[in-house]
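Model the full structure from these sequences, guided by the hints.
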Amino acid sequence: MSDIIERVAWPNLTVAEDLKKLRAAVPLTHCITNIVATNFTANILLAIGASPAMVVAAEEAGDFASVAQGLLINVGTITRYDREAMLIAAESAHKAKTPWVLDPVAAGPLAYRTEIVYELIKFKPNVIRGNASEIIAVAGATGNAKGPDSTAGSDEALPYAKELALKTGSVVAVSGETDYITDGEKIAAVPGGHILMTKTTGTGCALGAVIAAFLAVAETDFQAAVNGSVTYAETGLRAAKEARGSGSFAVRFLDHLSLIGKEY
Amino acid sequence: MSDIIERVAWPNLTVAEDLKKLRAAVPLTHCITNIVATNFTANILLAIGASPAMVVAAEEAGDFASVAQGLLINVGTITRYDREAMLIAAESAHKAKTPWVLDPVAAGPLAYRTEIVYELIKFKPNVIRGNASEIIAVAGATGNAKGPDSTAGSDEALPYAKELALKTGSVVAVSGETDYITDGEKIAAVPGGHILMTKTTGTGCALGAVIAAFLAVAETDFQAAVNGSVTYAETGLRAAKEARGSGSFAVRFLDHLSLIGKEY
Amino acid sequence: MSDIIERVAWPNLTVAEDLKKLRAAVPLTHCITNIVATNFTANILLAIGASPAMVVAAEEAGDFASVAQGLLINVGTITRYDREAMLIAAESAHKAKTPWVLDPVAAGPLAYRTEIVYELIKFKPNVIRGNASEIIAVAGATGNAKGPDSTAGSDEALPYAKELALKTGSVVAVSGETDYITDGEKIAAVPGGHILMTKTTGTGCALGAVIAAFLAVAETDFQAAVNGSVTYAETGLRAAKEARGSGSFAVRFLDHLSLIGKEY
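Protein chains in written order, with this note's numbering: chain X, 1 to 264; chain P, 1001 to 1264; chain U, 2001 to 2264.
There may be inaccurate statements among the hints.
Subject to a maximum C-alpha distance of 35 Å in a straight line, what follows is the list of computed DSBU-like cross-link-like pairs (lysine-lysine) [claimed, not checked]:
#1 P/Lys1262 / U/Lys2020
#2 P/Lys1162 / P/Lys1186
#3 P/Lys1199 / P/Lys1162
#4 X/Lys97 / P/Lys1199
#5 P/Lys1199 / U/Lys2241
#6 X/Lys241 / X/Lys122
#7 P/Lys1167 / P/Lys1020
#8 P/Lys1199 / X/Lys20
#9 U/Lys2097 / X/Lys241
#10 X/Lys199 / P/Lys1020
#11 P/Lys1020 / P/Lys1124
FYI, nobody ran anything at the bench for these hints, they're computed from the structure.
See below:
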């Protein structure tokens, strides 16, 4: 029996309504992310209408994760000091029922962080978001990625995403030319986006934060991930139309993210 | 007896002259700030005409603070390792009479950093700059902020700012729809600015660095803080006129900061 | 006998061909750089066509440096924790013959990092890139710089650059109004660039990463450094023509870096 895959793209009423809810709620979104993407992630959250808080110290991350409305943990530049804060935050979010997103950047080729990713998964992330190579690796297969860029297509990752979702209970979101979101049963395919999104560092990382913000307002974790992907894909298309290269693309992406959905 | 509040806005001759002096002096401005705002703060300092130096190691921060012409300490993403460097830098600045600015980001709701803020205040910052919630919290009242964004208006913070200034001997600058600067006696109110300034991460943090640069050239600490607020408010207005969203706003803000005052 | 200095500027066939090779190879470029420049460096590498990977943990940096195609180590905001990762990465790159670039930011006035720079040099960087004050300081003379900005002209640094190249076996690249590249014998002078490059933080730091990416494809280390400087200088000129200040300059710089050479 083959999978039933629902195609979701902008304009979509549920996404637009959740976007309105997000902007009304201004969810406090706690991020412990990598040093490359920290600034861009905060700006992305502000543009979409959330309130970012990058609280990274082990002394503070636990308390904060329990009061935040969404949490992102991204292991992109994890050190042993970050590991401590991430585990405390994940445990606290789990206990306080703060919904959270795990982004296993470059899991697979790098053994140290791959182990930490498995430690983090014990605290039941609501969503695991990554590129194809990362999702394949976290699902337990041997990826062949060398660094943070994927060497596999998102189509190839789909069976691994389903398996990972069933095993962990997390919604799994695979970013790529088409994004796939699955809870192990349902699958959504989100087309769109633009190659320039892969030429702007931190774009994928910041999507994790956007999904964390949507977790505060969406009906389901699955819908939160779909909302993030659909909003991103359409914003990418709009920004790319006005961009000459990756510099102007990033600027337009932030501009359009603050405007999208206001036509409703 | 009610307070006498002086309204200060661009164009203002003292501010314009201090801006000229700043550009002639190119003050070496030492910043130990958060990982979200580090890059933007350096670009803001370059745009206005200062020389930024982000020297963050405990091994270097003390020596450097003694030769710098201004210092900013911002606790936005403080870890225990940053704490060490910040205390060393603050003590060194105090001994060497390097003027310095303290930005108590998210003090109040986060106990760990609030304690460190009090430790830092012992080294007599020339200026304490924050949003309303932060200034209320540092003055000892119970703020109700959850994260780095203020939930109080700057008007509400004014009595706390005066109290804090009198208690510490620091000039206190409250950022908001109207900025207030006070040394406990005099009060300046700086109107202007733009809501997009709150949608660009690090804008407030970088204002602390701009004030630190002005401390190197202004007659008084009070005037340095006023210079920073007035320059910022006018730059924000100019940038907002040309912006479509937060992406283009940040770009225009840097452009206009490098141009403002050159008409004199 | 006076030096023979070859002037190299865009358009230049070797540079254009190496740029094509770089874009075909998409070299995995490992960067351990400062917290100010991390994001911009990744975006610069993506714009030129490389694959950036900011792997900074001591637990991961060694393994990663051995599989990367180029490595940049930049000591701009070095802490004792970074020191550990940098030494491991440099040793690993040296053993695995991964070509690497050392950027000794603010060496000289800051004793702590100056010592680390000498420790790193033992692992034979292929290229040492810095501004005039830094190169003079690393060559053993007493510079008079106070912070990361140079107080000397690149012309003054040229004899020190030659001496440093002969002593270490590294190619030495001095950035300034004219860039000089030398292996101790040959000298290339690269004119062009623009003053706005010094007003955008991290521009010089990211040049080190671009040279690291070129090391993966150029015939010689000397040519890799020349490629980086020439591409940068021309991109700076193109971006400056369309810029109103440092904000729009940075955006245009990324745009033009992704476009340069595609006319061939």
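Q) Of the numbered hints stated previously, which ones are contradicted by the structure, given in increasing order? A) 1, 6, 9, 10
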